[in-house]
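Engineer: Single-letter residue listing:
2 protein chains.
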Amino acid sequence: MLTAEIIAIGSELLTPEKVDTNSLWLTGKLNEIGIEVKLKIVVGDDELRLEETIRDALKRSDIVISTGGLGPTEDDITRKISAKAIDRELVYHTEIEADLRERFRKWGREMPEINKRQAFVIDGAEILPNPNGSAVGMCVEFASKIFVILPGPPRENKPMFENFILPKLREMAGEIYVKRKMLKVSGLGESAVDEAVAPIYTAYENVQTSILFNKSEIEVHLMAQAKTETEAESVLDELAGKIAEKLGIAVFSTNGEAMEEVVGQLLAGRGKTLSIAESCTGGLIGERLTDVAGSSKYFIEGAVTYANDAKIRTLNVPKEVIEANGAVSAPTAEAMAKGIRDRSGTDFAISVTGIAGPDGGTEEKPVGTVFIGYADAKQVKSKKFILPGDRYLVRWRASSAALDYLRRQILKNDE
Amino acid sequence: MLTAEIIAIGSELLTPEKVDTNSLWLTGKLNEIGIEVKLKIVVGDDELRLEETIRDALKRSDIVISTGGLGPTEDDITRKISAKAIDRELVYHTEIEADLRERFRKWGREMPEINKRQAFVIDGAEILPNPNGSAVGMCVEFASKIFVILPGPPRENKPMFENFILPKLREMAGEIYVKRKMLKVSGLGESAVDEAVAPIYTAYENVQTSILFNKSEIEVHLMAQAKTETEAESVLDELAGKIAEKLGIAVFSTNGEAMEEVVGQLLAGRGKTLSIAESCTGGLIGERLTDVAGSSKYFIEGAVTYANDAKIRTLNVPKEVIEANGAVSAPTAEAMAKGIRDRSGTDFAISVTGIAGPDGGTEEKPVGTVFIGYADAKQVKSKKFILPGDRYLVRWRASSAALDYLRRQILKNDE
Numbered sequence: 001m002l003t004a005e006i007i008a009i010g011s012e013l014l015t016p017e018k019v020d021t022n023s024l025w026l027t028g029k030l031n032e033i034g035i036e037v038k039l040k041i042v043v044g045d046d047e048l049r050l051e052e053t054i055r056d057a058l059k060r061s062d063i064v065i066s067t068g069g070l071g072p073t074e075d076d077i078t079r080k081i082s083a084k085a086i087d088r089e090l091v092y093h094t095e096i097e098a099d100l101r102e103r104f105r106k107w108g109r110e111m112p113e114i115n116k117r118q119a120f121v122i123d124g125a126e127i128l129p130n131p132n133g134s135a136v137g138m139c140v141e142f143a144s145k146i147f148v149i150l151p152g153p154p155r156e157n158k159p160m161f162e163n164f165i166l167p168k169l170r171e172m173a174g175e176i177y178v179k180r181k182m183l184k185v186s187g188l189g190e191s192a193v194d195e196a197v198a199p200i201y202t203a204y205e206n207v208q209t210s211i212l213f214n215k216s217e218i219e220v221h222l223m224a225q226a227k228t229e230t231e232a233e234s235v236l237d238e239l240a241g242k243i244a245e246k247l248g249i250a251v252f253s254t255n256g257e258a259m260e261e262v263v264g265q266l267l268a269g270r271g272k273t274l275s276i277a278e279s280c281t282g283g284l285i286g287e288r289l290t291d292v293a294g295s296s297k298y299f300i301e302g303a304v305t306y307a308n309d310a311k312i313r314t315l316n317v318p319k320e321v322i323e324a325n326g327a328v329s330a331p332t333a334e335a336m337a338k339g340i341r342d343r344s345g346t347d348f349a350i351s352v353t354g355i356a357g358p359d360g361g362t363e364e365k366p367v368g369t370v371f372i373g374y375a376d377a378k379q380v381k382s383k384k385f386i387l388p389g390d391r392y393l394v395r396w397r398a399s400s401a402a403l404d405y406l407r408r409q410i411l412k413n414d415e
Numbered sequence: 001m002l003t004a005e006i007i008a009i010g011s012e013l014l015t016p017e018k019v020d021t022n023s024l025w026l027t028g029k030l031n032e033i034g035i036e037v038k039l040k041i042v043v044g045d046d047e048l049r050l051e052e053t054i055r056d057a058l059k060r061s062d063i064v065i066s067t068g069g070l071g072p073t074e075d076d077i078t079r080k081i082s083a084k085a086i087d088r089e090l091v092y093h094t095e096i097e098a099d100l101r102e103r104f105r106k107w108g109r110e111m112p113e114i115n116k117r118q119a120f121v122i123d124g125a126e127i128l129p130n131p132n133g134s135a136v137g138m139c140v141e142f143a144s145k146i147f148v149i150l151p152g153p154p155r156e157n158k159p160m161f162e163n164f165i166l167p168k169l170r171e172m173a174g175e176i177y178v179k180r181k182m183l184k185v186s187g188l189g190e191s192a193v194d195e196a197v198a199p200i201y202t203a204y205e206n207v208q209t210s211i212l213f214n215k216s217e218i219e220v221h222l223m224a225q226a227k228t229e230t231e232a233e234s235v236l237d238e239l240a241g242k243i244a245e246k247l248g249i250a251v252f253s254t255n256g257e258a259m260e261e262v263v264g265q266l267l268a269g270r271g272k273t274l275s276i277a278e279s280c281t282g283g284l285i286g287e288r289l290t291d292v293a294g295s296s297k298y299f300i301e302g303a304v305t306y307a308n309d310a311k312i313r314t315l316n317v318p319k320e321v322i323e324a325n326g327a328v329s330a331p332t333a334e335a336m337a338k339g340i341r342d343r344s345g346t347d348f349a350i351s352v353t354g355i356a357g358p359d360g361g362t363e364e365k366p367v368g369t370v371f372i373g374y375a376d377a378k379q380v381k382s383k384k385f386i387l388p389g390d391r392y393l394v395r396w397r398a399s400s401a402a403l404d405y406l407r408r409q410i411l412k413n414d415e
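Chains as they are written, first to last, in the working numbering: chain Y, 1 to 415; chain P, 1 to 415.
No lab work stands behind these hints, which were simulated from the structure alone. A few of these clues could be false.
[Said to hold, decoys possible] Not everything, but these chain P residues come out facing chain Y in the computed CB check (under 8 Å):
| id | residue |
| --- | --- |
| 1 | L14 |
| 2 | K40 |
| 3 | I41 |
| 4 | D46 |
| 5 | D56 |
| 6 | L58 |
| 7 | D62 |
| 8 | T314 |
| 9 | R343 |
| 10 | G361 |
| 11 | K412 |
[What the hints assert, rightly or not] Pulled a few chain Y residues facing chain P out of the computed Cβ check, cut under 10 Å:
| id | residue |
| --- | --- |
| 12 | D20 |
| 13 | K29 |
| 14 | G34 |
| 15 | V37 |
| 16 | G44 |
| 17 | L58 |
| 18 | R60 |
| 19 | D62 |
| 20 | E245 |
| 21 | T281 |
| 22 | G283 |
| 23 | S329 |
No experiment lies behind these values; they were computed from the predicted model shown. Backbone N, C-alpha and C define an ideal beta-carbon position, used for all residues, glycine too.
Bound conformation, chain Y alone (with noise of 0.2 Å):
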C-alpha cells in the first residue's frame, strides 16, 4: 500500500483558533483510493524547519503533498525551500507572469510587481494552472516519489488535486477502491451496538469496521477495499443491511442522512404534516427541520413557548395541569403536543419541556430531566428522558430523542 504525508504550510495554522482542514479533505480522496496518509505535519513560515521537513517526508513516504505559502508576499516561503529541499533550481516562466498580467487586467487592476515571484517554477515540475487563484501548483515526480505542492485556499486546491494529480495517484495506487458507508443508531449505546454487531462484522475481514459515539447517537462506520467500485459497495451493502436487520429500528439511516431528514422523508413520503411545541429546546427543534431544504412541504408550525403564560395562552395548556404537575411533567408535554395539534390542524405533533441547566434542577427533577409529548388524530402520549451533558448536550439530545420518538411512531403508526 502506498503511503502518503501531508505537510500544512503557514504560521497561521499554529495558532489556538486555526485548524488545518486541508488535510481531512485530502486524507479523504488518498483513502478512497487506497492510498493511506501516514503523517501529518503543520509546520510555520519557517525556513529552517521547513527544508527539514519536506526532506524527511520525502525519505519515509512516497506520496508528500504540501499546502500553503504560495502567495506573492515575503512570507510566503514554499516556492523557495521546497526547491531547496530537493535541491533543484526555481525557474522562471513568462508565460505564467502573463497569464498573471492578463488575470489583474480583467479585474480592472494593474499587477503589483510583487507577484511576479508567482512566476518561479521548480525545475522540472509539472505546472498545475489555478484558474482559482494566482498561485500554480507544482508536481515534481523523482524516483518512485512524488511531490506534490498546492495552495493554501481549498477552493483552489481541491480542483487542482482532483484534475491533475488524483488520476495521477489512482493510476499509481493500482486499481483499488475504497468505499464507506456510515450506519446512525439512536436509543442503544456504543457497547450496546457493538456487542450486537460484532459478530457479524467480524465476519469481513476486507471491511473495517468503527463505532463512535456523537452527542446523540451512535455511529456505524464501514471502509471496504476491493479491485472493483462495484466489488466494494456490494460487501458494503451486504454488511450493511445485516446490522441494520439486527438493530432493526434503532437503526435510523443507512446512508449518512441526518435525524431530521430521515424525520422529513417519513413525513413527505406519507403526505403528512407537522408542527411542534418546544419549551427547553427553544427553537432547535425546528432549526433542525427547517435545515433541510424542502421542509416546507410537511411542516408548517412551531410554538416556542418558553414561558408558561406563552404554553397557557398559546398551546391552551390548561393553567391547572401546570399548577399541580409543574411545567416539566408529562401531563404539560402532552397538553402541549395537544395544543400545538388543535391549532395547526397537523397530522403529527411533538412537544418539548424539561430542565436544561445548568441552573432549575431539583431532587426530583434533576437537570436533563425532559419530558417528549406526541399527538396524532387518536392519541396523545409521552415519555421522559433523563439526559447527560451540560445545557448545549441536554438541548441537543432532548432535540434527537423528540425527533427519533416520533420517527418510531410514524413506523409503527405504518404496521
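Chain Y is fixed; fit chain P onto it per the hints.
Structural biologist: Same frame as chain Y, but now just chain P:
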C-alpha cells in the same frame, strides 16, 4: 523565546473525520506564557515513524508535548516508543498498579490484566497523576529540554497540563505575559473595518492585531505581550477602547460575547422582555437566544410560522397583506412582529421572513432576500437585507441580522 512542538499520537487522528483539537488548546495555553508552537505533528500507531518523530522533535524544540497513545491496549505504543526514542528504560511502579486496582474496585469491577501496562513509566520521569482516567502522564527533563507525555482525552490532559506542566513552563519562559482580547463588529465588511482601525492599531507595536471574518461578523483579535499581567491587560484595554470608539455602535462585543448574549444582557439590564416570530430561520433565533443560561428572564415566546396559514392564524397577519405583498415582504415582516408582540405582551418583538434557498428565489426576490420586522410600544418597522451564501449561511446571517437590528434599536431607544 522558547519553542514548543506538539505531537498527537493515534491512527484515528489520520482519518478524514478527526481533528486534533488538543493541540489548539495547548497552543493557546503555551502562547499565553510567551511560548511559540513551531511545529505540530499527527502520527499514527506506527512504531518507526513515532520514534523518529520524537527524536527529531527533541532535536529541534525546547519543549515537546505528546498527547494520546497511553491506553492499555496493544496499539497504545506511546510509553514504549517514547522510552526508546530517548534511550531510557520503562520501570514498573507497583503503587500505580495498586492505585489502578483500587479505582476499578470502586467502579465495582475487576482490573483487567491488560491495564498493568499502564503502570510502566519512563525511568527518571516525573509521574503526572490522572484523577480522570487510568493513564498517568509523564514529564522528562534533560539538558535544557522538557518532554511531556499526556493522555489523549481532553478531560484528562487539560487538568494534568494546567496543574503540573504550566507552572514549570512559566518558570522556564520567564515572566512574559500574553493576553488576548476580541472585539466583534456587525454591519461592516472586513476591509472597511481594517481601513478604519489600521491607523490605530499599527501604532501599538507590542500588540498583534488580526481581523477575521466569521459567518456574519468581523472579529478583531488583539494579542499583547508584556512583563506583567497588568501591563498586558492595560495596553489591550487602551487599544480596544480606541477601536470601539472609532467603530461606534458597530462594535457589539469587546470581550468576545456572542450576539445572543449581548442582546440578552441589554434586555436583562433594562428589565425588558422579548418575543420573536420566525419564518425562514425556522427556530434558529429562538435557539440562539435560549442557548444563553438564564434567558427565561427576558425571552417569553417564539412563533415559528413556516406556513402562510400559521402566520395568519397565530400572528394575525392579515391574509390580504400576504396576498398583496407576498410572505417575504416588509408588510408581512411588520405584521409578524406586531402579531407576536400583541400575542405575548412583551416590550419588544422581532420577526424574520425570507428566502433561504436553494429554491424559491425569483428575479425580484432572489435567494437571500430577508425582511426583519421590529415592534415596540411606539412603532412597528422593518428592514430589507440581501444576504449572500447557501441555505445554512443565509439562515445564520438572517438570525444575526435580526438580533443586531434589535440591539441597535434598544440602544437607540436609550438616547
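Engineer: Against each hint, give a clear statement of whether it holds in the structure.
Structural biologist: Results of checking the hints against the structure:
no., hint, verdict
1, L14, "holds, 5 Å"
2, K40, "holds, 4 Å"
3, I41, "holds, 5 Å"
4, D46, "holds, 6 Å"
5, D56, "holds, 7 Å"
6, L58, "violated, 14 Å"
7, D62, "violated, 13 Å"
8, T314, "holds, 7 Å"
9, R343, "holds, 7 Å"
10, G361, "violated, 12 Å"
11, K412, "violated, 26 Å"
12, D20, "holds, 8 Å"
13, K29, "holds, 8 Å"
14, G34, "violated, 14 Å"
15, V37, "holds, 5 Å"
16, G44, "holds, 6 Å"
17, L58, "violated, 14 Å"
18, R60, "holds, 7 Å"
19, D62, "violated, 14 Å"
20, E245, "violated, 26 Å"
21, T281, "holds, 7 Å"
22, G283, "holds, 3 Å"
23, S329, "violated, 17 Å"
When the structure is compared with the earlier hints, violations turn up for hints 6, 7, 10, 11, 14, 17, 19, 20 and 23 and for no others.
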